[in-house]
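Q: Each chain is listed here by its residues.
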Amino acid sequence: MALELTFKKKNSGSASTKMRGKLPSKKSINLVLVKKNKINWKIAIPAVILILGLAFVFGKFMVYDRILAVDAANAKVSQLQSTLATEQKALDNFSGVEDAYAHYTLDGMTEEELNLVDRRLVLDLVSTVLSSEVKKESVSWTLSGNILNIELTGRSLNALNQLARTIEENPIVDSCSITTANKNENAEVAGKVKGKFVVYLHNPPEEAAAEKDAGSDGSDIVENAVNAAIDAALGDTIDSILGDSRSEEVIEP
Amino acid sequence: MKIMSREFSKAEKALIIVLIVVLLGLAYYYFVDRTIRDSIASAQSEEQMLQTEIDALEQRLMYLQSKQNSMDKLQEEGNLSWMNSYNNSKAEVAFLNDILADTINYAVSFSDVTRNGDQIRRRFTLQYTTKNYKQAQEIMEKLCNSENRCLVGDVRCSIDAEGKVTMNQSATFYETMVGGTPDAALPKDSAEANS
Chain Y
18 MALELTFKKK NSGSASTKMR GKLPSKKSIN LVLVKKNKIN WKIAIPAVIL ILGLAFVFGK
78 FMVYDRILAV DAANAKVSQL QSTLATEQKA LDNFSGVEDA YAHYTLDGMT EEELNLVDRR
138 LVLDLVSTVL SSEVKKESVS WTLSGNILNI ELTGRSLNAL NQLARTIEEN PIVDSCSITT
198 ANKNENAEVA GKVKGKFVVY LHNPPEEAAA EKDAGSDGSD IVENAVNAAI DAALGDTIDS
258 ILGDSRSEEV IEP
Chain G
51 MKIMSREFSK AEKALIIVLI VVLLGLAYYY FVDRTIRDSI ASAQSEEQML QTEIDALEQR
111 LMYLQSKQNS MDKLQEEGNL SWMNSYNNSK AEVAFLNDIL ADTINYAVSF SDVTRNGDQI
171 RRRFTLQYTT KNYKQAQEIM EKLCNSENRC LVGDVRCSID AEGKVTMNQS ATFYETMVGG
231 TPDAALPKDS AEANS
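In order, the protein sequence lines correspond to chains Y and G. Each residue of the first sequence is one higher than the one before, starting from 18 at the first, in my numbering. Each residue of the second sequence is one higher than the one before, starting from 51 at the first, in my numbering.
Hints are not guaranteed to be accurate.
To be verified - Selected chain Y positions facing chain G (in silico; Cβ < 7 Å):
#1 90
#2 160
#3 164
Unchecked claim - Now the in silico label distances, taken between C-beta atoms and shown as ranges:
#4 G:154 <-> Y:215: 24 to 34 Å
#5 G:154 <-> Y:115: 40 to 50 Å
#6 Y:96 <-> G:148: 55 to 65 Å
#7 Y:96 <-> G:69: 26 to 36 Å
#8 Y:202 <-> G:237: 52 to 62 Å
#9 Y:110 <-> G:90: 27 to 37 Å
#10 G:78 <-> Y:105: 39 to 49 Å
#11 G:231 <-> Y:215: 23 to 33 Å
#12 Y:107 <-> G:237: 32 to 42 Å
#13 Y:103 <-> G:73: 22 to 32 Å
#14 G:212 <-> Y:115: 50 to 60 Å
To be verified - Below are the BS3-like pairs computed for lysine-lysine, each with C-alpha atoms no more than 30 Å apart in a straight line:
#15 G:63 <-> Y:77
#16 G:123 <-> Y:106
#17 G:181 <-> G:140
#18 G:214 <-> Y:211
#19 G:214 <-> Y:153
#20 G:60 <-> Y:53
#21 G:117 <-> G:192
Note that these hints are calculated values from the structure, not bench results. By construction, the Cβ of each residue, glycine as well, lies at the ideal position given by its N, Cα and C atoms.
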């Protein structure tokens, strides 16, 4: 709304009369009424706080926390990469193990092969036989699997029996028995009785070897006494029966 | 607010605010949300891949550790013996020549070569005469301690009046196909034939 302020125009002299109609003249001033908005602080401040709060919450949960989640995921990836590098390094320590194992393994061998008694120990066992009172050139033996058959000639059946016990004491021997014994009266003293032994072998169990090394208990004393009594009876009986020149086979069941 | 000599009406102001919110939302989605989702998805995918690799490596480590433990156990038991790769026949013959050089006489006869998987068996019979039992024991010791894994089987021994010892024995040299070179003499794999 324009307010027009009008003021009277004075009649001036001839000059003004001359200028009239030639130049426009403004006789009014335009003014505009503008409403001045006053800020209502009671609404504005809470609104601003609310907006800022919402912006903070949005920024915290929708931006910051999610960036943290990305960082956490990347950190886990880094950790796994580090673990992978460590394990690859550990794998380097085992280089050559697979190849070495292929050359050392016993996986391809059969149960029978693995259970064979060490042949060196068998030869050691036979050497103990040879070192006893037997006719060495009479000794012959065969080893089939874990069964050892020994043929030899000794002084007497007693001597052979004693030898059988000596053989049984060896850790690799499971049992030893005399299968045949022939006496030849005409033979020299050292070679009177020809005997055959069957020796069953096994790989020495560690516990059994330890017990044998540790010494005997009471049951061994009784067993030795019984064996001595049998020897005494057996030796006399056999010698009396085999007193003539005929040879007689004694087969132990 | 007055732009272009005209104030915005309330509806226009509301629409402008909605537009600003939508634009902000779109900007958030394209520049923040999508980037973060892609990063997390990429990280998870890489994490899975790495975990799979780690699992495979751990299994391999366990496998190799068990092999190492087996060898350590064999060594403790004194059963560690080496098997050469196929074809080791020439070295084996040279070895037999060395150990039998001092015997009175000897005869070696190789029989069949068999294969079961990677395991090669080269069987042979050995007959020799030594001047005494101790020498026969030494030969047996060398056979059993051979660099080429050797298992002595059946043995027959006799001693004559002069103390000479005659030994007849069967034995087997063991070889492995691992690191070996197949040739025309390589027998067929009995494990494949039986399967």
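Q: Give a verdict on every hint.
A: Structure-based check of each hint:
With a cut of 7 Å, the hint placing residue 90 of chain Y at the interface with chain G holds, because the nearest CB-to-CB distance is about 4 Å. Contact between residue 160 of chain Y and chain G, as hinted, is supported at the beta carbon level, the nearest pair being about 4 Å apart and thus within 7 Å. With its C-beta approaching chain G no nearer than about 10 Å, residue 164 of chain Y sits outside the 7 Å limit, and its interface hint is violated. Taking the beta carbon of each, residue 154 of chain G and residue 215 of chain Y are about 30 Å apart, inside 24 to 34 Å as hinted.
The hinted window of 40 to 50 Å between residue 154 of chain G and residue 115 of chain Y holds, with their beta carbons roughly 45 Å apart. Taking 55 to 65 Å as the suggested C-beta distance range, the pair residue 96 of chain Y and residue 148 of chain G conforms, at roughly 59 Å. In this structure the supplied range 26 to 36 Å is violated for residue 96 of chain Y paired with residue 69 of chain G, their Cβ-Cβ distance being about 45 Å. With their beta carbons about 57 Å apart, residue 202 of chain Y and residue 237 of chain G fall inside the hinted range of 52 to 62 Å.
Separated by about 36 Å at the C-beta atoms, residue 110 of chain Y and residue 90 of chain G satisfy the suggested range of 27 to 37 Å. Distance hint check for residue 78 of chain G and residue 105 of chain Y: the Cβ-Cβ separation is about 42 Å, which falls inside the suggested range of 39 to 49 Å. With their beta carbons about 46 Å apart, residue 231 of chain G and residue 215 of chain Y fall outside the hinted range of 23 to 33 Å. A hinted range of 32 to 42 Å for the beta carbons of residue 107 of chain Y and residue 237 of chain G is consistent with their spacing of about 40 Å.
Between residue 103 of chain Y and residue 73 of chain G the CB atoms are about 49 Å apart, so this pair departs from the stated range of 22 to 32 Å. A C-beta distance of roughly 53 Å is found between residue 212 of chain G and residue 115 of chain Y, which places it inside the suggested range of 50 to 60 Å. At roughly 29 Å between alpha-carbon atoms, residue 63 of chain G and residue 77 of chain Y fall within 30 Å of each other, so this suggested pair holds. Restraint check for residue 123 of chain G and residue 106 of chain Y: satisfied, since their Cα atoms lie roughly 25 Å apart, inside the 30 Å limit.
Pair hint residue 181 of chain G plus residue 140 of chain G holds up; C-alpha atoms about 28 Å apart against a cutoff of 30 Å. Distance restraint check for residue 214 of chain G and residue 211 of chain Y: the Cα-Cα separation of roughly 20 Å lies within the 30 Å cut-off, and the hinted pair is therefore satisfied. Pair hint residue 214 of chain G plus residue 153 of chain Y holds up; C-alpha atoms about 10 Å apart against a cutoff of 30 Å. With a C-alpha separation of about 18 Å, the suggested pairing of residue 60 of chain G with residue 53 of chain Y holds against the 30 Å cut-off.
Our distance criterion of 30 Å between C-alpha atoms is met by residue 117 of chain G and residue 192 of chain G, whose separation comes to about 28 Å.
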